[in-house]
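Q: Each chain, letter by letter, is given below.
Number of protein chains: 2
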Amino acid sequence: MFKFTIEKKDSFTNARLGRFVTPHGEVETPAFMAVGTVATVKAMTPRDLQEAGCRIILGNTYHLYLRPGVEVIEKLGGLHRFMGWNGPILTDSGGFQVFSLGALRKITEEGVEFQSHLDGSSHKLTPEKVVDIQERLGSDIAMVLDECIPHPAERDYVRPSTLRTIRWAERSLRARQKSDMAIFGIVQGGMYEDLRLECARELTALPFDGFAAGGLGVGEEEAALRAIGRYTAGLLPEDRPRYLMGIGRPEDLVAAVAAGYDLFDCVLPTRNARNGSLFTSAGKMNIRRAEYASDPRPADEACDCYGCRNFSRAYLRHLHLSGEILAAQLMTLHNLAFYQRRMARLRAAIREDKLQEIQIKAEDPESSIQKPE
Amino acid sequence: MFKFTIEKKDSFTNARLGRFVTPHGEVETPAFMAVGTVATVKAMTPRDLQEAGCRIILGNTYHLYLRPGVEVIEKLGGLHRFMGWNGPILTDSGGFQVFSLGALRKITEEGVEFQSHLDGSSHKLTPEKVVDIQERLGSDIAMVLDECIPHPAERDYVRPSTLRTIRWAERSLRARQKSDMAIFGIVQGGMYEDLRLECARELTALPFDGFAAGGLGVGEEEAALRAIGRYTAGLLPEDRPRYLMGIGRPEDLVAAVAAGYDLFDCVLPTRNARNGSLFTSAGKMNIRRAEYASDPRPADEACDCYGCRNFSRAYLRHLHLSGEILAAQLMTLHNLAFYQRRMARLRAAIREDKLQEIQIKAEDPESSIQKPE
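Residue numbers (the working numbering), protein chains in the order written: chain A, 1 to 373; chain B, 1 to 373.
Bound conformation, chain A alone:
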């Protein structure tokens, strides 16, 4: 059974240090999940993920439903066994992906009809079906089907959408068969505080195991992301984990942890790595830059990942410019290790009541969130 405990609250911010227990082990929070959309975190073996410090990863219901299909994964013993990952897995519902399809989908009260981005075939997902799929995948934490509202959106669109997301959430809970799979509700409401409040009030009355803030990081201004993110966190119960979906940059994570969030996911560390962009203790590094052509230093002199222990910036640049797969392997491993180390430092800071110091440095325009590393 899913269980969340708070070990310590920060004295100066809303941050919490905690842990949750799943059928596949414990996770210390605040935690960052690497994104493993189609049953692989791109360019990473499961042992690479362990080495980078990943303890929980994210899979995607929509993608796995389309390919290889739920039946295949079920027959192979579930998602964990299929992908060789024995730690906890949270599966996103597919709401975000389906709603990214634009003209290819149609939303009704019953659910969402859409055409596959792979072959154009027609499909329908309902809240019940999405829960069923996640149970069959063997997810540790399932997300309800929601509508991830695009930005900008008129209030006249946002309110009915949000109310439907609430009704879908109720249906999702009723559909659950497996008590050992946690289900998180997702608070929508666009950039409207009163709609966020309305949504949170309804959802938090339901026995969800945790709550997420969705529909953020969808193109809104930085200030709106911060404000709505912080506001929504304050609407969620203390005793259950709070998950800020799809966020974010290292500096976003500090702010979000201070706001009281416990769980995060983002494609940035993995996608940036494949594009030659590294997170380092001295700031972001574009490995393509000519200045690194014969630079013998590791990407990050403060990092002890396999890549930084063994290879130079010059070598990484050479691999990246040559289009070599090894570039993606080494740089993804580094970026994930950087993110996990960052999370470990935030946890340590909460324990020592020092998160505010990190936060102040992160918000100082003269400084950089990267600097305090």
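To be clear, the hints were calculated from the coordinates, so they are not data collected in a lab. All C-beta atoms in this analysis are idealised placements derived from N, C-alpha and C, irrespective of residue type, glycine included. You may find that some hints are simply not true.
Said to hold, decoys possible - Here are the computed distance ranges between Cβ atoms for each label pair: (1) Arg47(A) / Glu154(B): 51 to 61 Å; (2) Arg345(A) / Ala344(B): 21 to 31 Å; (3) Arg288(A) / Glu193(B): 27 to 37 Å; (4) Asp119(A) / Arg155(B): 28 to 38 Å; (5) Arg345(A) / Leu173(B): 51 to 61 Å; (6) Tyr231(B) / Arg309(A): 43 to 53 Å; (7) Glu28(A) / Leu104(B): 28 to 38 Å; (8) Arg67(A) / Ser116(B): 51 to 61 Å.
We have chain A already, so just place chain B on it with the hints.
A: Below, chain B without anything else, positioned relative to chain A:
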């Protein structure tokens, strides 16, 4: 200093069990080298290579000369340090690549002028320059610049080309500055036995550390490859390693070892892996086939590589069809492990005078070279 010793000769074939010593360690022969063209064996970290059983790898002078350039690698401490590989490295001269350029190159007595396949820039490589580059890369075993003669080729083309390759070989030896870098001569001569003989007689009179058979596997018939390969092996001195360049398939390796070759390289295990083709103890396997869609078995039930220990055919197929980098990682690791295990079995067979049994099975049309595994 390079040193080659033969530990045992097979009683029924021309196979030999031996070892050579380089500045970066010993290699048991017969040995297969994974191809690491641009300072990376594609999709493999150095620790992956170690795990697969690779003890010596091949780099490519032509590619490294063009990108990242010799100066960069030299400044970074040489090729071994640059790519994080501490074992022996043999560098191909670039002859094969330059001669693949077709209209983009011009051969003179002095050397070869060519245009870069990357940016069209003009370059000239001479035998002396190619030795110099390999010394600066820090290669353990350098190959002389030669002309890899295309097939088919008229005798009127092959003889003058081969004589020039001989003159280039002499110049290469004279150009050597570093006594700890071994240099191998390359026997050309096309499909003409008398020209192979002439070339081998001239080259083996020179103090090369080893000899290669080049210009094979260039499109000739299977029978010609076998016959010329075997004939050329017989022209090379017993006391120095014999390297059959660019070969080959598992069944080719058995025949070549029986003919007396000690060293091999080929892109097959790595390239095939990226194309979804696996070498297994039950034969070749195309992982894209529908029959593997929900097959829970490892790719090769007789294999103990990381991929086969942890993942199903269904998962590999899913990764490959999804275009995931991890497909290339896991399948390359498997194919290299398969090749290295194959070489270890051939070495064990020589030790026990059983190579002929393997060879007979390999040549039996009712059997498959894969079967005896």
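Q: Within 43 to 53 Å: is that where the Cβ-Cβ distance between Tyr231(B) and Arg309(A) falls?
A: Given range 43 to 53 Å: holds, Cβ gap about 49 Å.
Q: Is 28 to 38 Å right for how far apart the beta carbons of Glu28(A) and Leu104(B) are?
A: Since the Cβ atoms of Glu28(A) and Leu104(B) sit about 58 Å apart, the hinted range of 28 to 38 Å is violated.
Q: 51 to 61 Å was suggested as the range; check whether the CB atoms of Arg47(A) and Glu154(B) agree with it.
A: Distance hint for Arg47(A), Glu154(B) holds at roughly 55 Å.
Q: If you check the beta carbons of Arg67(A) and Ser116(B), does the distance land in 51 to 61 Å?
A: 40 Å, violated
Q: Looking only at beta-carbon atoms, does the pair Arg345(A), Leu173(B) fall within the given range of 51 to 61 Å?
A: 58 Å, holds
Q: 28 to 38 Å was suggested as the range; check whether the CB atoms of Asp119(A) and Arg155(B) agree with it.
A: This hint is violated: roughly 55 Å between Cβ atoms.
Q: Given a hint of 27 to 37 Å, does the C-beta separation of Arg288(A) and Glu193(B) actually sit inside it?
A: For Glu193(B) against Arg288(A), whose Cβ atoms are near 51 Å apart, the range 27 to 37 Å is violated.
Q: At the C-beta level, are Arg345(A) and Ala344(B) separated by a distance inside 21 to 31 Å?
A: 46 Å, violated
Checked against the numbered hints listed earlier, the structure breaks hints 2, 3, 4, 7 and 8; every other hint is satisfied.
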